[in-house]
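A.B. asks: Sequence:
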Amino acid sequence: MSMNDQLSDSMTDNIPEFTVGDISTAIKRILEGNFSRVKVRGEVTELKQYPSGHIYFSLKDEQGKLTAIIWRFTAAKLKMQLENGIEIVATGKISSYGERSSYQLIVDQVDYAGEGAMLARIEKLRKKLEEEGLFAQERKRLIPLLPQTVGVITSPKGAVLHDIKTTIARRFPRDIIIWPVAVQGDGAAEQIALAIEGFNQFNSETPISRPDILIVARGGGSLEDLMAFNDERVVRAAANSQIPLISAVGHETDTTLIDFASDRRAPTPTAAAEMAVPSKADMIAGLMQYTTRLSKGLIHLNQAYRLQLNKAVAKLPDIPTLLAQSRMRLDDRSYRLDLALPALVMKRRHRLSAIKPVDQYVVGLIHRFKNYLEMNKMQMASSWRHYVQQQKSALPFFSVSTIKTLSREKTLRLEGLSARLEALSPHAVLSRGYVFVKDKHGNTVTQARKLRAGSELNLIFYDGEKTVRVVKEQDKRQEMLDI
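1 is the number of the first residue of the sequence shown in full-length UniProt numbering; add one for each residue after it.
To be clear, the hints were calculated from the coordinates, so they are not data collected in a lab. Glycine included, every Cβ here is placed at the ideal spot set by N, Cα and C. The reader is advised that the hints may include incorrect statements.
Stated by the list, open to error - Label pairs and their in silico Cβ distance ranges:
#, residue 1, residue 2, range
1, D439, G416, 34 to 40 Å
2, K124, Y290, 47 to 53 Å
3, K347, L309, 51 to 57 Å
4, K93, T45, 18 to 24 Å
5, T91, A26, 22 to 28 Å
6, K60, D22, 29 to 35 Å
Modelling step: build the complete structure from the supplied sequences, incorporating the hints.
C.D. replies: Below is the structure:
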């Protein structure tokens, strides 16, 4: 045996011998001792979530790949949702699995890998929600002018709540309902979404009345601090809220996805309170201004209508003058009527006096004719019968009907002559309202001017006579007759 062989055998006998378990335990001790708490940055791949709640995935970069595990009690507390392809920073410890000779990262916290990754994640979610129409302008609700109750969703600690309360108390005191939530960290997004949904479930039957407007607010912070307001559930809760919602997250330059879904965005919590309630002083001043303008408008309108009324009145006729003229015309017509009636009566009397002699003759003629008819009625009838008999014998061809016809014609002719004589009778004239006027000597009076005061007159009416005396005239419009 050579010297080298003897040396090699002695060295082999000095190498320690380990079991597989010893090696696995030693490696596990080394890994967990040297990498008890590490942050690993990489891209998520091979993501799998089992029904048990555990999450398995790998982190990779250009130089390698590391298996990672998130146990279910940790997965429920994650403040972000894992997806393949996103870059994250996973915090945890390195542990080995001896049965498979593998090692993995046990993750207890996950964060976006820098603002770039978070912004990319936010932008991707924004486009998704925008395509669904959650940010559409027609979904925006009007902010009530003067809400009775204001609901505030924010952290109970810090200056944000104080600023909102003091601003509302200064502008127009209203009832405030506060729903305290965590505004960053684990579970913040879930609390904010539940608060928005909870306020919307209030109604008339709940112990607390439903707010008229909601304010979701928090102070400034880094992009990572504001990530709860970029959560999809929070954005959907804000978009689906039936109560008008104002978002006031961060400073004026900060923008979160809840700002797109809310009905109004305020740059600061103080500005959100100013949007929620109006200024009482400004409203009083505005009301006074409107009152002044209304009063001036009414005065101006009253003056304009009064001017129009005066113009219309100027065009109307003078009613008192018209009434006076009408009274004068009425008096004149009355005076003329008083004069015309006696004149008409005298005129009719004159006409009657003119036809009196003729009337007397006609009356006498009619009486004589009637007497003649009465006296000779039987004689004429007998003579007529004798004449008829003669005619019958002379004209045997005449029939009885012919004789009756001739008799009716003669009778009708006689009645016509009698009616004409009766129409010429002065009694017929008197029956129509006329009278004969005679003086005391029996002379007919036809002219009034020939009469003297105290003269006696006989008025002959249709049914009798009356004596009257002429009375002295008192004035030109009145003449009295004493009957």
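A.B. asks: Output the indices of the hints that this structure fails to meet, ascending.
C.D. replies: Every hint satisfied by this model.
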